Structure formats: C-alpha cells, structure tokens
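**Student:** Top to bottom, those sequences are chains H and Z.
When you number the first sequence by this note's numbering, it's gap-free, plus one each residue, and the end is 343.
When you number the second sequence by this note's numbering, it's gap-free, plus one each residue, and the end is 353.
Quick caveat, the hints were computed from the structure, so don't treat them as lab data.
Be aware that one or more of the hints could be misleading.
Said to hold, decoys possible - A few chain Z residues facing chain H, derived, Cβ under 8 Å:
| id | residue |
| --- | --- |
| 1 | ASN150 |
| 2 | LEU152 |
| 3 | THR222 |
| 4 | VAL224 |
| 5 | GLY225 |
| 6 | VAL328 |
Unchecked claim - Okay, the calculated bits of chain Z under chain H, using three or more residues with CB under 8 Å as the criterion:
| id | segment |
| --- | --- |
| 7 | 140-147 |
| 8 | 161-172 |
Unchecked claim - The following residues of chain Z were derived to be distant from chain H, with all beta-carbon distances above 12 Å:
| id | residue |
| --- | --- |
| 9 | GLN46 |
| 10 | ILE52 |
| 11 | GLY237 |
| 12 | LYS338 |
As the structure is a computational prediction, the values presented were derived from the model and not from experiment.
Virtual Cβ for every residue (Gly too), placed ideally from N, Cα, C.
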Amino acid sequence: MKKFQDRIGLSMPGLLFGVFLLLLPWFPPFNKEYILRWLIAALIVGASAIAFDFSGGFIAVINFGFMGFFGLGAYTSALLAIRFHLSPWLTIFIGALSPAILGLLSGLVSLRLRGMMILCFTWFVGLALMGLATKLVFLTRGSLGLPCPTLYKTASNVPYYYTILGMMFVTYLVMKLVIQSHYGLAFRAIGQNMEAARTSGINPLKFRVVNFILACAFAGWIGGFYAHYYGVLTPDLMSTAKTTEVLVIAYIGGRGSLWGGAVAAVPFVFAMEVIRSVLSDMPGLNLIIYGLFLIFVMLYYPGGLAEGYRKIVAKLRVKEIAQH
Amino acid sequence: MGEAIVMEPVIVRFFRWLKSSAGITILVTLVIAAYAAMDQGAYVIINILVTGGMWALMAMGLTLMFGVMNISNFAHGEYFMIGTLVAYYVFTPLHQHLESHPNHLLTLVAPVIAVFSAFVVGGMSGILTDRLVFYPLRKRSKENWLMNCFLLTLGISVILINAHQLIFGTQYKGIVRYWPLPPVSLFGVYISIDRLFASVLAIVTIAIFWVFMKYTKVGQALRAVSQDETGALMVGISVDNIQLLAMIMSCALAAMAGGSLLFMYPSYPTVGLEPLYNSWFVIIIVGFGNIAGAAAGGFMIALLQILTRVYVGEGWEYVIPVLLIALVLIVKPNGLFGSKVRGIWEK
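Please take these sequences and the hints and turn them into a complete structure.
**Tutor:** Right, dumping it as structure tokens:
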C-alpha cells in the first residue's frame, strides 16, 4: 500500500480529500448553484496554487506575474475558439502553449537573476502582459471584455465543478510525479543552494527552464478553463492582486508542498466568500480580516498548513512507536 | 603587491565615472530630457521634476527599508495613501475656515501645515507598523525572512487599503489647489505654485537627506547597519533603534510625497498603487541598496513615463517602461547603478 501511495503521490488523507471533494456537490448546502460557483472559484485558485508552488516552493522562483501567464493562456484559448471556431476543449490545450513558450523565454533570459530580482522580473512580465491585453483592443477588446464560448452548453455549474476538480488532480499528479523523480531533487537543490547544486553537476539552466515551462503551461491550461467557464475575459484577471491571491493561498498551504495550496484553497476562498456576503454592508471588512489572518499566519505559522500537518503526523508516529 | 595610492585630479575621476554605466545612464537621460524639452516644450521638464521628485522620495524610502531592514515593502504605496488622506483631512477644514475668515498668513501656511501633518502621521504609522508587525517577527525567527516579510507587507497593504475604504469611503477626496495664487512664469513656462512647492520640497528633502546620511552620526549608523548588521552591533550601534528609525523615515517620506501632491493625486483607497509600482520600478532599474541612485532613478523613471505618455500614448506606461526594465535586468542583473549592498535578497 505504501509503495502504491508513493508511486502515485497521494497518501490516504489525500485520497480521502479527493473523495470528499468528489462527493461534495451531493450534500445539501453544496448543491446550490451559487455555492458551487464559489467552490469552482476556490478550485481554480487551488489548482493555480499547485502550479505556483511548483516554481516557488522548489526552485525558489516566485512567479509574481503568475496571473499574467494564466491570462495569456486564457486569452489565447478564447481567441483561438473565437477566431478559428475550434472547440474550447481543444483550445484549452493549445492555449497552454503560449504561456509555455513565454515561460521558456523568461526562464532563459532570467537565468542570472536570483531571489527578489526574479520575483520583480516575473512581476514586470505579468504587468506588461496585462498592459498589452488592455491596450491591444483590436485583439482583446481591452477592458470591455472578451466573450468566448463555454465548455458546456448547460447553465448548471456541476459539470464545470467536476472538470476543474479533475484538472486540479491532474495538475497535482503530474507535478508530484515530476517532483518525485530526479528532476524534483534537482529542483530542490537549485532552490536551496544554486552554487552547491552547480558543483554537484546539476545544470541550473536546464532544470530551471523545464520547471518554469511546466508551471506556466499548467497556469495557461487552467487559464483556459477559466476563460471557457466564465465566458468573458477582462485584462484585470492578470493583475497583481490576483497573483497575490494565488500566492497567499500557496503560502498558507505551505510552500514546497504541492498539495498545501490546493487543500487550503477550498476552506479559505469559501470562508472569504461567506464573510463577504455576511458583512456586505461593510465593504472591505472581509479583506481586512484576510489581511490580518495572513499576517497572523506569517508571524506564527510561517510553514503553513503543510508544516502543521507534518507536525501532527510526526507526533502521531512518535506515539505509535512509543506504544510498541 | 604594492599599489601606489594615486590621487587623481577630480577632472580625471569625473571622466572615468562618466564611462561607467551609471555615468552613461545619467548622461543619456539628460540628453533625452533636453531633446524632449526642445521638442515638446519646457513643461516636460517641469512634469519630470514634479513626478520625478515624488518617485525619488518614495524610492529612497524603499531603498532605506531594503538596505537597513532587509524588508521588501509592498505596502510602501499605502503610506503615500496615508499622506494624501491626512493632508486632505487637515487642509479641507482649514480651507473652509479660511473661506469665512480670510487670513493671509494662514492661507500661505495652511498647505505647509497639511504636508507637515502628513509627514508626522506617516512617521507615526511607521512606528506602529514596525512595533506591531516587524519587531515581533525579528524576535521570533529570521528564517525565510524575505518571503515572510514580503507576504506580511502584502497583508499590511490589503488591510490599509480596505481600512481606508471602510472608514473613509471610496470616493475621490481631492482638492483643487493648495494656494489660491496665480501661476509663476519660469523660463517661459507657467508653473502653478503647488507644483513648484512640490518639486522644491522634493529636491530640498533629497539634499537634506543626502547630508544627513553622509555627515551625521545617525546617518552613518544607518549606512553601517545596511552594510553589515553584525558589524554594526559590534561597534555598539543599537540596530533595533536604527531599524525603527529607517522605517519611520521611509514611511514619513512616502507620506510627505503623498501630502505634497494632493492636488494631483486625490485621496482614495488604491491611490498608493501607482507610487508603489513606480518606486519599485526605480529600485529595480537602479539596483537595490543604492540611495543616491534611487533619487536619480526617480527622475529617470518619471522621464521614461512622461516620454511614453507623450510619444506613444496614454495607458502604455505599464507596458513600455516595464519591458525596458526587463531588458535592463537581462543585461545588468544588478541594476544600472550596481549595488554595493549585496543582501540576502539575492539568495
């Protein structure tokens, strides 16, 4: 059983979580359409957090322009579907190619940058993408919004929910498989100490670029889903604020654990939406709570959810050993 | 290996500096500015001085926090916002009082009071932020400091923006102008007194700041802590107090910039985002930790944005300068002016 778990990267709690999410829409409060919308939004953020953490948590490249790549994939997919009348199911995949290529280019040119500098570089790439989407009105209709065909003909949110759930799991599994291979070891080495990794014979260029391409490709893929779920795209999808949402979820979940962001996304986004509708007469209070919570977590639990989980598991294991 | 100490004449050193990347950049900037002024009119220079002065103040504050506290502050724009807010709520009642009780002295002094209050409240918010947020983090753990601080400042930014929205509302709280005086004519261009005041204030502040950092004991202590925290501790500098001072100065400068530009930037929750982005553009292109460079860079970025707006069009200010900066980063990963302060942000 353990070997099986290691091979596919999902432990028992992970599988349980997956089953939980699968069954969720069948239970009363969660079968309402607006609740499903929140859940879908949460899963989009969760899947994005996985892709984000693939770079941020392993090779220590914080892609602060993440939503720029996400939006690039979204816009590409939407434009292909509109201009060439292709099915959205196809364009989502083709659309993921453009952020992958941009990821390749960015990875190549930013090789000499470290830490804060690469964060700012990716930030600027994201800002430039957002600016281009706003100004190239002949292509993207700018701030007016780009309507695009949806994945399903039905107005119900249920098929979308299962689609994004599946996409999130595929993202996680693929990335987990890569992490568990020697690529993952190389990523971690580069992330912790680039010089030592180089001395050990790891070629940082190859691994950084591969990691970045993969992360951006998945970002674009999920972006494609976003486009063909909401049916309309505006440039502020690529704003820094949106990247911050993903980044915060990834960090609260625990950087370096792929699953942390995905698990943290659901309760977090959900709670945010609930608070927002409860406190709708005091606009912005929900975000103040969000900011306070973020500060609290960063001050007292910087390792995030994943570290808390590991500590609990470790304590349980110690108890188990002590009992024998 | 013996090396003779060569005392070169200043002229020779100046020409050698001109050939360095810093010198080339500044020369090119001046040439481009002169060309733009001849092409479009001298008002370009005035705009550069006004906005450039503001970005310079903010970038200097940001650099201070980088160098001395190792904090990448994504909430820096919010202190600008606090400055605009304070200036608005100080100036507007005074203005209303002056409408019914005209008083020449008060009319002249009211804007100064507003800007000064912005400065003071900015400093106070710096104290609050440091003691409430960063001081506990310094005490708790220094591990993963950069990312934790970065996220903390994101949280602070969110809180401040939404607190403004919650308490003061989203409407634009602006003033028409500070001084009811006619514009002044300088070199054939008419400058409003407000803009003149803002640019003079910025330049004077930069000069005072320069003198402070170079010649006073406290300034030297600030530089010492930014170069080597442990070394500074060993020489007896109270690093904690110096870091608090750096934060106070950084926030006060940002708030002062906001207050002095209330006529240009009305107060609303997200008014701080544009200054935030621009001060970050400045320090990235200039290189972290270089305060003099930050001041010069403020004017450079202002020039770049004004040129973009004039020659390319409205709304491209976030595309062209950003692409240029990305290009600069590719060629010169440490920024145009390099940086003598290699810090943990290069990990």
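**Student:** Each of the hints needs a verdict: does it hold here or not?
**Tutor:** Each hint tested on the structure:
no.: 1; hint: ASN150; verdict: holds (6 Å)
no.: 2; hint: LEU152; verdict: holds (7 Å)
no.: 3; hint: THR222; verdict: violated (29 Å)
no.: 4; hint: VAL224; verdict: violated (27 Å)
no.: 5; hint: GLY225; verdict: violated (25 Å)
no.: 6; hint: VAL328; verdict: holds (4 Å)
no.: 7; hint: 140-147; verdict: holds (count 4)
no.: 8; hint: 161-172; verdict: holds (count 10)
no.: 9; hint: GLN46; verdict: holds (22 Å)
no.: 10; hint: ILE52; verdict: holds (26 Å)
no.: 11; hint: GLY237; verdict: holds (22 Å)
no.: 12; hint: LYS338; verdict: violated (9 Å)
Violated hints for the displayed structure, listed by number in ascending order: 3, 4, 5 and 12.
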